Amino acid sequence: MADTMQFDLVSPERRLASRQATAVHIPGAEGDMTAMPDHAPLITTLRPGVLEVEGPDGNETYIVTGGFAEIGQEGITVLAERAHLAQEVTQDMVDEMVAAAHEAHAKAQDRFRNDPGPVDDAAKLLSDMVAMGGRIGLEPKLPND
Amino acid sequence: MPSLKDLKNRIASVKSTRKITKAMQMVAAAKLRRAQDAAENARPYAERMESVMGSLASSVAGSDTAPRLLAGTGSDKVQLLVVMTAERGLCGGFNSSIVRLARQKIQALKADGKTVKILTVGKKGREQLRRDHGDLFIGHFDLSEVKRIGYDNAQEIAQDILDRFDAGEFDVATLFYATFQSVISQEPTAQQVIPASFDVDADAQAGPIYDYEPSEEGILADLLPRGVATQVFAALLENAASEQGARMSAMDNATRNAGEMIDKLTIEYNRSRQAAITKELIEIISGAEAL
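Chains A and B, in that order, give the protein sequences.
Quick note, the first sequence lines up with residues 1 to 145 if you use the working numbering.
Quick note, the second sequence lines up with residues 146 to 436 if you use the working numbering.
None of these hints come from the bench; they were simulated from the model.
Hints should not be assumed to be uniformly reliable.
Straight-line Cα separation of at most 30 angstroms, DSS-like style, residue types lysine-lysine; simulated pairs [unchecked claim]:
(1) 262(B) x 107(A)
(2) 259(B) x 222(B)
(3) 255(B) x 107(A)
(4) 424(B) x 150(B)
(5) 262(B) x 250(B)
(6) 153(B) x 176(B)
(7) 292(B) x 107(A)
(8) 268(B) x 176(B)
(9) 268(B) x 255(B)
Quick caveat, the model's predicted, so the values are computed rather than measured.
Using the sequences provided together with the hints, build the complete structure.
Here it is as structure tokens:
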């Protein structure tokens, strides 16, 4: 059994990481999971959360805001809409992300009055966003309305 | 016959024009490199996205529950054309060639009795289309304030397109932009984004059988809107690189033409100067002979 696998983290604008990893902790939409080498092939969507990579060259923590992860035979590819190294994230960035999620929630409430599906999705996105900020030691503030 | 002074002024003005075009060429070259890098960096994401969506789409295709973004509305009556051009001119035939392609498409669609709606990105295309098809405009995106095109810009445009689709404003959406091939050649391209179409190759089919979380269709429903944003983003980046490439070669030509013009004017200037001197000499000599 291989000890490590290839891990790629790609955002639309650039490739953020490409390295060997022994375990990757993924914030999947249906729940968190840890993928290790020789994991069964899987594609999952992501929720906003913390992505942890463990490898021979040390561990890294990223935050991702959504996208999907593909676990294949060669390794793991995470396609994230927005991703940052956790230590580079500032309070302003979290505030901005939470504000954007909040706005989307408000918009969904407005547009889908009789359809709870999209509203619940947006509410979950918002709470995930807030939880993510909390996990990395920042204080996400809920805008009051 | 222009006077010596006129010629001198002409030469001076062409020289300063050459300086400007030369500077613009160099700026375009620097921006082109950056634009190409950006396009290069965006490629891994787009390729992965495309391959995953392609394999998902082929397995969901045909089922009744396929998302509307993939299956379409079952009609192609109302067509949305997203015409992406530059915010600035002085880039040769770049804007015109995109607009020309869009015009042909508009005429073909109109001849087929379809309804056409136009969404413009970039001021130049809007200006060119306004005269003939101004009544078809439904929106415009202004990127003149944007220095570096980011995914945010693409997302904003894609969101607008998706909102309109959800509201039932159109059935088919096509992007018009220029694909960057080289500095001297940019290919105007039309790409249909809604309903999504993929060219699935055999390799993708032969890949491992994936588990999906949540379901195949759930993932696809999540991915398709992102796919539209990714395609818009890729188109914007291609367009940015093409624009700078087109500007670079246009300005290169302009610089060369200015150089040729200066040479010609300088020869003319020297000739008239000599003619004037000769004339003066003849006048002096004939004056002396008359004494």
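Tested hints:
no.	hint	result
1	262(B) x 107(A)	holds (25 angstroms)
2	259(B) x 222(B)	holds (5 angstroms)
3	255(B) x 107(A)	violated (36 angstroms)
4	424(B) x 150(B)	holds (17 angstroms)
5	262(B) x 250(B)	holds (12 angstroms)
6	153(B) x 176(B)	violated (35 angstroms)
7	292(B) x 107(A)	holds (29 angstroms)
8	268(B) x 176(B)	holds (19 angstroms)
9	268(B) x 255(B)	holds (24 angstroms)
In terms of the numbered hints stated before, the structure departs from hints 3, 6, listed from lowest to highest.
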